[in-house]
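Trainee: Single-letter residue listing:
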Amino acid sequence: MRRALVLLAALAVAGALAVVAVAAGDERVVAHAVGLPAIGPAARLAQGEQLCRTGIDVPVGFERVRVVTITGGRAGPPLAVTVRSRAGRTARARIAAGYPGGTVEARVGAFPAESVVSVCVRNLGVREVVMLGLPPGVLLGDLGDVNVPVEMAVVFVRDRPVSTLGQVPAMMRRAALFKPVPAGVLWALLALVVVGLPALLAGALRAAEPAPAGGAPAPAAAESEPSRAEAPAAGR
Amino acid sequence: MRTTRVPVPLRWLVAAVLLAGVSWALLVPPWQAPDEDAHFAYVQTIAELGRLPHDDGRRALDAAKSTEQDRAELASGYRDSGQRIEMRPQWDPRAAARWKAEAATLPASARKDGGGVGRAGGNPPGYYLYAAIPYLAGSSAGIFDRLYLMRLWSVPLLCLLVVSGWLLAGELVGRDRTAQLLAGAVCGLAPMATFVSATVSPDALIYPLWGFAFWLCARIVRRGPARREVVALLLLVVCALAVKPVSVALLPGVLWALAWRRIPLRAVAAVVGLAVVVATLAVPGGPRRFLSYLWQFYVPVDAGTNVLPQLAPWPLRDTWLEGTVGAFGWLEIRLPWWFYAAAAAVIVVVAVGALRRIDLRRDAPLLLVFALPAFALIAGLHLTEEWFLVRQRSGFTQGRYLLPLLPVAGAAVAVAFAALPVRRRAPVAAVGLGLLVIAQFASLAAVAGRFYA
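From first to last, the protein sequence lines stand for chains B and L.
Each residue of the first sequence is one higher than the last, beginning at 1 in my numbering.
Each residue of the second sequence is one higher than the last, beginning at 1 in my numbering.
Rather than coming from a laboratory, the hints here were simulated on the basis of the structure.
Any given hint could turn out to be false.
If you want a taste of the chain L side facing chain B, the calculated C-beta under 7 Å gives, among others [claimed, not checked]:
1. Ala16
2. Leu18
3. Pro30
4. Gly50
5. Leu61
6. Ser76
7. Trp91
8. Ala96
9. Ala97
10. Ala101
11. Phe144
12. Arg177
13. Thr178
14. Leu181
15. Phe441
16. Tyr452
As the structure is a prediction and not an experimental result, all values here were calculated from the model.
The beta carbon of each residue, even a glycine, is placed where N, CA and C say it ideally should be.
Can you make the complete structure from the sequences, with help from the hints?
Mentor: Structure follows, in structure tokens:
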């Protein structure tokens, strides 16, 4: 029995370590996003036209922004991307012409966490470009039943990726929002699950499996009372 | 008077499952589980308006949820992130503070202006009456407090599922505590079951009701019908029908359990065959189309070039396997492919181990207790999906719809395990429990990574 308990503990430790290893290698550059998946046209920008999305709460710091375009299979026009924060910082960046459509990225410099920003995209070229996005505040399943205008998708990106493991303290704070428990309770629960779940199962196993000295396990008798009738039984 | 003592291993197991269930309940963001928003709205209608949801002439989308729920869904980021793997729910503490201020200004009527027929409107009220208890107990609290109270109130149902799996295994393999432990652990710690049972969902109540029904059916077949058990079984079936109409699939197994001595096996085979022929002929779209659908569902030859784009590329794998083993959130969170491959291998090993212990001639009456509801459930799901494909051009089936059969899967584990030589029992049980722990860790981590990283 002791070997079995060690085996169970070893598997639990291996499982926990595997999760830690995967989390350490899971590096993420996206800090925040609005309007994804970008499946609807927010605007068709002709030469000189501009599209803005305003009042975006960005809870995490970022250095780049991405927008999603359609260029009709031709080389995309140059775009000017302007990011303004309510704190007064303004950054401009240019996306060079020639991209094939899809996601394009502009480096706008560092904006701190908890910025409220507006993002504007201006077409600096001659050819049209379509900016894609999704209606805000609408469940995917309800898209066909509402008449909410599509807003441009904007993805806020970090310069350097952050591993999921490195985000665990922040994840706990995020997980506690809109819940009746503080982050401390979630930390305690995490510890309880990692240690307690295998420990409780080990306790169950120890209580269930008869000691080897006792020989074979209990005979395959009925749970609590004898059969009232001759009847089939699987696995007897 | 005889008293029933709860076996010690079962106590430990229930404590472990309780811990896992509470963790799932508190980890998953508001409404980020299949149809949880619709189930919440149903409960709110019962609790606030004292009636069932019904069509009151308003547009369905406007009437399905209260203003309070609408606003809370927007504030928490559910509306912008549900089903969208690219998006996260609201992370910003300022948004949470804004919601608190907004919630304080909402009038009492903001809870009462839902009441329409939402996605859950077709369900009977059984589970929703149960879930209304924590809603009413927390009626003075905020909407998120009420939602999480309802989730936590569902977790004991998961423990009942464990007990049903334990009892069913005990009926099949006798007083073999380790085999029963494994059966109960499969019921309570299979990640998809833990996830669904820790949300606001009638499925949480359906699983244990089916589990206890299977247990009583097995008892009645093995020991003969005792009045107390027959009454309890019929009550369970009524309760299950009052929770979800799909429980009608239990009826063939229940009828068989009550009358198997009077029904020849040939008659059962004839009825099943006739039902298959009639269903195939009557299904919308006709038999040829239905057979084509089944072919594409189960056979991977057409994978990726499916002529039914509403289906996953290979539904046997993508819907049945992955959706049963673990597909979280609104099913958008999947684990790595090798996780499902390993799960499939374990399922095959268990199935082979259990089947090797079965003597068809001897065990047929007992097997039909499980096989008839399983067949009725799966056939019903396919017929319903074909109806949806033809009439609404959308898919229907999800892996979690098979989870009422989880106690049978647990029983199969117990039957296979009970055949092991003594020296192998403890290590095999340890490996089984260890794999469930790993599955829980991996699943919880995947959910945390999807929503909070």
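Trainee: Evaluate each hint against the coordinates.
Mentor: Now for the hints, and whether the structure bears them out:
1. Ala16: 4 Å, holds
2. Leu18: Violated, about 9 Å.
3. Pro30: Since chain B brings a Cβ to about 6 Å from L:Pro30, closer than 7 Å, the hint holds.
4. Gly50: Result: violated, 25 Å to nearest chain B Cβ.
5. Leu61: Hint holds; L:Leu61 Cβ to chain B Cβ min 5 Å, cut 7 Å.
6. Ser76: 5 Å, holds
7. Trp91: 4 Å, holds
8. Ala96: Constraint on L:Ala96 satisfied, holds at 5 Å.
9. Ala97: It is violated, given that the least Cβ distance between L:Ala97 and chain B is near 10 Å, above 7 Å.
10. Ala101: Check failed: Cβ of L:Ala101 comes no nearer than 14 Å to chain B, outside 7 Å.
11. Phe144: For L:Phe144, the interface hint holds, since the closest Cβ of chain B sits about 5 Å away, which is under 7 Å.
12. Arg177: 4 Å, holds
13. Thr178: Since the shortest Cβ distance to chain B is 4 Å, the answer is holds.
14. Leu181: 5 Å, holds
15. Phe441: 5 Å, holds
16. Tyr452: At 4 Å from the nearest chain B Cβ, L:Tyr452 passes the 7 Å test, so the hint holds.
Violated hints, in rising order: 2, 4, 9 and 10; the structure is consistent with all others.
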